[in-house]
Amino acid sequence: MRVLAIHAHPSPESFNRLLFDTACTALRGSGHEVTELDLYGEDFRAVMSADERAAYDTDEPVCSPDVARHAGLVGTADVLLFVYPTWWMGVPAILKGWLDRVLVPGVAFHLDERTNRVRPGLGHVRRIIGITTYGSSRSYVRVMTDGGRRTLLRALRMLVPWGRRTTWLALYGVDTSTEAQRARFVRRVEERVARL
Amino acid sequence: MRALLVHAHPRAESYGAALRDAAARGLAAGGHEVDVLDLHVDGFEPRLSRAEWADHRTAGAARAADVQDHGARLQAASALVLVYPTWWGGPPAILKGWFERVWVEGVAYTLPPGAARVRPLLRNLRRLVVVTTHGSPKRINVVEGEPGKHLVGRQLRALCHPLARTRWLALYGMDTAAEAERRAFLARVERRLARPRL
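Here the protein sequences line up with chains A and B, keeping their order. According to my numbering, the residues represented by the first sequence are 1 to 196, in order. According to my numbering, the residues represented by the second sequence are 1 to 198, in order.
Hints may contain errors.
To be verified - Listed below are the simulated SDA-like cross-link pairs for lysine to any residue, each with C-alpha atoms no more than 20 Å apart in a straight line:
id : chain 1 : residue 1 : chain 2 : residue 2
1  : B       : K138      : B       : G153
2  : B       : K138      : A       : M158
3  : B       : K138      : A       : L159
4  : B       : K149      : A       : Y140
5  : B       : K149      : B       : S136
6  : B       : K138      : B       : R182
7  : B       : K138      : B       : A180
8  : B       : K138      : A       : R119
9  : B       : K149      : A       : M144
10 : B       : K138      : A       : S11
11 : B       : K138      : A       : F109
12 : B       : K138      : A       : Y140
None of these hints come from the bench; they were simulated from the model.
If we strip away everything but chain A, and leave its shape as in the complex, we get:
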């Protein structure tokens, strides 16, 4: 399958980067075709500009070269893989900006001209995978609600056909985790994505 792997961590030496590399290597090892999008690495702009917001309501919502390239990759992906640290119970701003700017009408969904309702546009996506780390414990994340997970597995999932599967791999309490716990999680990520 063709996998679009999206990474959103500022440091190339982070544990999060290790998770991203592990997942990509394991996917390639299983014969999948992986395209890596390192948002910090390519200095992806997070802020939707006034021109882009104006274009959003027109027939040509994509008006920036970086967005056009990413939208093209989304259009041919069978799997969307997101690897990010959970901050404020959500995706980092750079990834939020990617959703805001790239997943526009015509790319991720269509706006019905008559009713102005949203129609799903990601019929080709067979699976959404999220891999993330939390500073907080699992119980605290539950109390606060996991906004990042809801964004990807509910809001984004509404745009893929009914019944397509999702995978969520999470390490809680990463700031206080031991070396062994982190190593175990890396192995879990490796094994899980290898049998996609």
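Following the hints, complete the assembly by docking chain B onto the known chain A.
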């Protein structure tokens, strides 16, 4: 009250900007002091930098001048009014990044060595008001689980005064809303923010 009004819409002539102006008018009419922070006008950079990330536990040598300034304004306010369009269930990236870069250790909370939980520092904030628009109808947002609402009502709220109250003013179904509905919502926002205790 002394209100910090944070606005996050890219277009100067948008309905979002009209909401910002309605909120500011209401606050002024109610005798509140208003400090307007327009993130797009200021060219705010929402991406947490590598240096900031590396520095996030050492209370801030890497903090930029605008981030420090915003932090000081946040600490001087008794009410926070957020005006933004809801995209993908939550605030636009520019506002999400504002929380990530400005609401940091030493400004919004402390985490003393050995403590299991963060301790709130923004006890000056007694009101959190959100003015937002959702393109989709309420039922879609309920299925999505309203991440933006929980971010403000639970997480930001936990770092404010223990008795702080949250007010949620939302226009759902913006994409199909009639002109009259939009005007009515502007009037409602202005009226609500003119109240003495917001």
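Now the hints, each set against the structure:
1. B/K138 - B/G153: 18 Å, holds
2. B/K138 - A/M158: 15 Å, holds
3. B/K138 - A/L159: 17 Å, holds
4. B/K149 - A/Y140: 17 Å, holds
5. B/K149 - B/S136: Holds, because 15 Å separates the two Cα atoms, which is no more than 20 Å.
6. B/K138 - B/R182: 16 Å, holds
7. B/K138 - B/A180: Holds: B/K138 and B/A180 sit about 18 Å apart, inside 20 Å.
8. B/K138 - A/R119: Satisfied, since the Cα-Cα distance of roughly 17 Å is no more than 20 Å.
9. B/K149 - A/M144: 11 Å, holds
10. B/K138 - A/S11: Violated, at roughly 38 Å.
11. B/K138 - A/F109: Between B/K138 and A/F109 the Cα gap is close to 19 Å, so the pair holds against 20 Å.
12. B/K138 - A/Y140: Not OK: B/K138 and A/Y140 at ~27 Å, beyond 20 Å, violated.
Taken one by one, the earlier hints fail for this structure at numbers 10 and 12, listed in ascending order.
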